[in-house]
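Trainee: Listed here are the chains, written in short residue letters.
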Amino acid sequence: SAVISQKPSRDICQRGTSLTIQCQVDSQVTMMFWYRQQPGQSLTLIATANQGSEATYESGFVIDKFPISRPNLTFSTLTVSNMSPEDSSIYLCSVDGQGGYEQYFGPGTRLTVT
Amino acid sequence: GDSVTQMEGPVTLSEEAFLTINCTYTATGYPSLFWYVQYPGEGLQLLLKATKADDKGSNKGFEATYRKETTSFHLEKGSVQVSDSAVYFCALPNGTSYDKVIFGPGTSLSVIP
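Sequences listed follow chains A and B, in order. According to this note's numbering, the first sequence is numbered sequentially starting from 1. According to this note's numbering, the second sequence is numbered sequentially starting from 1001.
Take the hints with a grain of salt, since some may be wrong.
What the hints assert, rightly or not - In silico lysine-lysine, DSS-like type, Cα no more than 25 angstroms apart, as pairs:
| # | chain 1 | residue 1 | chain 2 | residue 2 |
| --- | --- | --- | --- | --- |
| 1 | A | Lys7 | B | Lys1100 |
| 2 | A | Lys65 | A | Lys7 |
| 3 | B | Lys1100 | B | Lys1052 |
| 4 | B | Lys1056 | B | Lys1077 |
| 5 | B | Lys1100 | A | Lys65 |
| 6 | B | Lys1077 | B | Lys1060 |
To be verified - Quick partial rundown of chain B residues pointing at chain A, CB under 8 angstroms, derived from the structure:
| # | residue |
| --- | --- |
| 7 | Gly1043 |
| 8 | Leu1046 |
| 9 | Lys1049 |
| 10 | Ala1050 |
| 11 | Pro1093 |
| 12 | Asp1099 |
| 13 | Pro1105 |
Unchecked claim - Take a look, some chain A residues computed to stay more than 10 angstroms from chain B by CB distance:
| # | residue |
| --- | --- |
| 14 | Ser1 |
| 15 | Asp26 |
| 16 | Ser27 |
| 17 | Lys65 |
| 18 | Pro85 |
| 19 | Ser94 |
Hints were generated in silico from the structure; no laboratory data involved. Ideal Cβ positions, reconstructed from N, Cα and C, are used throughout, including at glycine.
Go ahead and model the full structure; you've got the sequences and the hints to work with.
Mentor: Now the structure itself:
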């Protein structure tokens, strides 16, 4: 299984600002995923990021609000732009399990927008 | 489309009690099935999985059996500990896009001494 780290682990931000979350994997992976987990809720997929191509966004999520970069096979960033209190959530990155369909997750970034 | 339904929480048990968290699924074919666990303040971890009918996944004293007749994958543990307090998610691959995972709503478990 892959070991995944995220930075920052938590942050408190003011509305209208942006935050970039980093996700680093200890091995090369094809697909990386970004999820949002609102308080007390399950996970909602924001987008899938493949290296060398634009991210694919799920319904309800747009690139202007959640721009994603995937510069290489071990790293990705998610930016939460023009934040509002409704963006307060845990943001999780994950990677695919190399053919086993399971995913491996980072520890998450806990974002509070005031 | 494919979906997962699981027992609503929160569930509160005393230490050493028996745990069952129900999970049923709707899917085309026979997908792999997963249980993930999220401990307080952490990300999700894969707890166990089963890849075909009648398979039993097990890990850390937890077990789940893939039952295609009842389309179920219930999570069980014979004797829970305080350290098992967490949120448990049943999941399966998205039938139209296998690289994606469909998660159930999660069941919060609190184990009290």
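Trainee: Which of the stated hints cannot be reconciled with the structure, identified by number in ascending sequence?
Mentor: Failing hints, ascending: 10, 14 and 19.
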